[in-house]
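Using the sequences and the hints given, assemble the complete structure.
Per the numbering used here, the sequence shown starts with residue 1, numbered consecutively.
Keep in mind the hints are simulated off the structure, nothing from the lab. This structure is a prediction, so every number in the text was calculated from the model and none was measured. Heads up, some of the hints might be wrong.
Below are the DMTMM-like pairs computed for lysine to aspartate or glutamate, each with C-alpha atoms no more than 25 angstroms apart in a straight line [said to hold, decoys possible]:
#1 K96 / E131
#2 K118 / E87
#3 K99 / D88
#4 K99 / E131
#5 K118 / D88
#6 K99 / D11
#7 K96 / E135
#8 K92 / D111
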Amino acid sequence: MTFYTYQYLLDNQAQFPYLRLAIIVFLAIMFIGLLVRYFSNKGDIKYKDLAVIVGTLIVLALAIQFNDYTNFQTSSKQSGQQVSLVEDIAKKLAVKPQKLSVNNLQEGNGDILVHSAKGNYRVIFNSDNSEYVLEKINLTKETIKVEDK
Numbered sequence: 001m002t003f004y005t006y007q008y009l010l011d012n013q014a015q016f017p018y019l020r021l022a023i024i025v026f027l028a029i030m031f032i033g034l035l036v037r038y039f040s041n042k043g044d045i046k047y048k049d050l051a052v053i054v055g056t057l058i059v060l061a062l063a064i065q066f067n068d069y070t071n072f073q074t075s076s077k078q079s080g081q082q083v084s085l086v087e088d089i090a091k092k093l094a095v096k097p098q099k100l101s102v103n104n105l106q107e108g109n110g111d112i113l114v115h116s117a118k119g120n121y122r123v124i125f126n127s128d129n130s131e132y133v134l135e136k137i138n139l140t141k142e143t144i145k146v147e148d149k
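Structure follows, in structure tokens:
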């Protein structure tokens, strides 16, 4: 069973694909350059065709980027909720959040198990996920793998 540390959850929040943004900016500059060449060469059709191809690539890249950005926001929000949950559990157990690890990266995806030096706990949420109870459990398999970045 894989558990993720508090630091892993924090690092998981801040990953955004900046390379794709750089590619979009490069394509936009190339598009503008091709349009300038098209108009300065009195309508040379090859620059127009290239500008249309690059413009289509820009639209495609923007659509992919927008989709990934909305997914990133959702994932970041859920990861942030998980971080605050770990901090709250750490207060209840009187340990540092860095000493805890959880088996689930997103809150609300089934049972969440918490591994700490004080033992293993299961987080049981109420129907609207506003409150929870910690239940001490004994794991039968001691194959706990802790992921840390």
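So, against the hints stated earlier in the document, which numbers end up violated here? none
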